[in-house]
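Engineer: Sequence lines, in order, name chains A and B.
If you're matching positions, the first sequence starts at 1 in my numbering and goes up one per residue.
If you're matching positions, the second sequence starts at 1001 in my numbering and goes up one per residue.
Be aware that one or more of the hints could be misleading.
[Unchecked claim] Covered by chain A, per the in silico footprint, the following chain B stretches (three or more residues, Cβ under 8 angstroms):
1) 1177-1190
2) 1406-1417
3) 1454-1466
Since the hints were derived computationally from the structure, they do not count as laboratory data.
Cβ atoms here follow ideal geometry from the backbone N, Cα and C, with glycine treated the same way.
This is what each chain is made of:
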Amino acid sequence: MTDGARDDIADEAPGALTLTGWPPKPWTKVAHVAAAGAFLLISLSAIAVATGYPLIGRTGIGPGFFPFVTGVVLAAASLSWLLQLLLGIADVSTPLYRARDEARRIGLILVLIVAYLLTLPVLGFQIATAAFTWLFAVAFGGQRPIVAVAIAVVASVGLHLLFVVLLQVPLPELALALP
Amino acid sequence: MEVFQDLAGGFATAMTPENLFFCFVGAVVGTLVGVLPGIGPTAAMGMLLPLTFQLPPAGAIIMLAAIFYGSQYGGTITTILLNVPGEGATVPIQEDGHSMARAGRAGIALSIAAVASFIGGTVATIGLVIAAGPVSEFALKFGPPEYAAFVLLALALVMVLGGSSLAKSLLMAAFGMLLATIGLDPVTGTQRFTFGVPEVFDGLELVPLIMGLFGISEVLQSLEVPAKEYVLARTASFVPTRQDVREATPATLRGTALGFIFGLFPGFNSTLTAFTSYIAEKRLSPNKEKFGHGAIEGLAGPSAADNAHANAAFIPMFTLGIPGSPGIAVLMSAFIINGLTPGPLLFAQHSEIAWAIIASFYLGNVMLLVLNLPLIPLWVRFLRIPFGIQAVFILLFTVVGAYSLNGSMFDVWLMLAFGVLGYGFKKLDLPAAPLVLAFILGPILEATVYQSMGMFQGNLLRFVERPLVAVSLTVLGFLFLWSIARHVRRAASRAVGPEPLYEVQMGD
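The following block holds chain A by itself, in its conformation from the complex (with noise of 0.2 angstroms):
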C-alpha cells in the first residue's frame, strides 16, 4: 500500500487517536519497551536451551538448529525494535487507554475470568458457571440482581444441555462430595 493510500486512509478512518489517555506517555514507553526487552529476554532463553540440543544431524540439521535459528531471527527483531524505542524512532504516540477506568475495568474482568477458571474443577461446570454469569452479567453486563438470575439459569442449564446432553461434550464436574 503506497504512503499516499495510507493518507488517505488516515483523512477517512473513522474515530482519530485521542491525545490524552492512561497511562502518561513515558509509561506508555515503558510498556514498549519492557515488552520489547521481554521478547529479548524470551530469544536469549531460547538460544540457550537450544544450544542443549544438537545443532547438526545426520542430514545436515539436529532438532536443534531450527529453534537456534529462529531465537537468533527474534532476538534480531527484539534488538531492533528496542533500539527503536530507545532512539525514538518507534511511535508510542497513541496512549495503552484512553482513560485508567478501562484498565481497572480489564483488571477486575480478568480476575473475574481466573476465578470462574479456578472453581471449574471443584464446583463444576453448572454451579460455577451459574456463578460467574451472575457476577459477570451485574458487574460488566449492567443487569439487575434479579434479572442476571434468570441469564445465570439460560447460560448454566443451556449450555449444559447444549454441550452434555446434545453434542455429548464432556465438561467439568462437581469435585466435591456432598453430605
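Following the hints, position chain B against chain A.
Structural biologist: Frame of chain A; chain B shown alone:
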C-alpha cells in the same frame, strides 16, 4: 471437461440434506459472527472446531467454511444500519453505507452490498474451480526445496504487508515459529522446550492459541468501555434504481477482480483489500465529493472485493497447502483433523470431498443472499442484547471449546494465557497474524528444510540451483528491501511532519 464433471459430483455430495444443513448452519453462524462486533470469523471457527470432531469430514469443513465467508455478509448489515462495523473489512463502507441509511436508502444500500458480495464470492469460486486442477497438477512437480521457499515467501508477504512495523511483524513471526518448535522434534523425536510438562509433549494446540489471540483478546478490548445503545436506521425499499445499478455494476466488477487477485497472495488480508478497493473507486470516480456521503461505488466495490478475497483465499490452501490468513489456517487445521491434507494431493486422494466443499461455496453464497435481507430484523435483535451479556456467552463458548479438545483444563488456561497475550499485542500494536501463520507454517518449513538437506546431502547452496527456489528467494529479498526502504522513508517523513493516524492492520 473433467473439471465440470468433478464439480457436478461435488454438487451431488454437497446437496445431500445433511450437507445442506451444515452449510446453512455455517451461513447463519457466519452472518451472526459478522453482525456481532466482539468476535471475528477466525475465533468463531476456532471455537466450533472441537465441536465438529464428531461430524463427517465434508460436513464439518462445509460448515466452517460457510462461517468464514458468511461473516463477510454479516459485517455489512451492522455497518450500514447501525454505523458499527462488524468486521475490519467493512470499515471502508461505513460512511457511504450509513449515509445512505440516514437518507432513507438503507434497504437499497443493503441490497447493493449483498448482491455485490454475492457476485464477488461467486466469481471467485468460479476462479477456484478453474484454477484448482491445473495449479494442483503443477504443484505436484514441486519438491521439498520449492515448498520451503514458498512457505518463506508466504511468511515474508504476511510480515511485509501485515503491520505498521517490519521489526514487529518479524518478531511476531519468529515468536510464532518458536512456539511451533515446542514438543517432540518431528524427525528425531527429541523433546524441545517441554520442561517435563506432559501436556506439551505433542506441541501446543492451535485451537486454544487461535481462541485466545482472536477471541478472548477481542472480547477484552470490546469490554474496555461500557456498551452503548445502538441507533437503528430504518429500511424501506430494497430495490435499487437504474441509476444505482449503473453506478454499482462497474465498481462490483472491479472490486471482484481486485479481491480475487489479492486473495491469491498471503498477506493481503480482507481489510487491506476492501480499503484498496474503496480508494481505487474514489480515485476513478468523476464525483469524488460523493464519497463519504452515500457513493454507491464506495459501497459496491469494497463489498465485492471483500467476498471475492474470502473465496479466492481458498486457492493457495486447496492447491498448495499454504494458508494465507489465520482464518484459512483454522480451516486448514480442520482439514488435517479430518484426515485430509490440503495441497496438490487433495484432489488426487480425496477428490469427492474437495469438490463437495467447493460446490458448497456456491450453495452457501446463494443461501447468504437469500437469507440476509429477510432476516435483517433478526440480526439486529441480537445487537440489542447488551454487549456485557454477549461477552459472557462468547467467553463461555471459548471455555467449552478449549476444554472439549482434550477434556483438560490445561487447554483452557493456555487459551486464557494467549488471550491476555493477544490483548497485550493489540495494545502494543503487535500484529497477531504473522504469529499464527508462522505457528502453522513453521513445522512445514522445518520438515521441508530437513528433507531438502537430506536431498542435498547437507549442502545449503544447492537450494538456489533450483529455478523456482532461486526466483522465490529473489522475490523475498526484494520484498524485504522494499519494506525496509518504505519504513526508512516513513520514519524520515515522520520526523518532519504529522504521521498518519490510522494503519490498516492484519486482522482475521
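Engineer: Evaluate each hint against the coordinates.
Structural biologist: Hints versus structure:
no.	hint	in the structure
1	1177-1190	holds (count 7)
2	1406-1417	holds (count 5)
3	1454-1466	holds (count 6)
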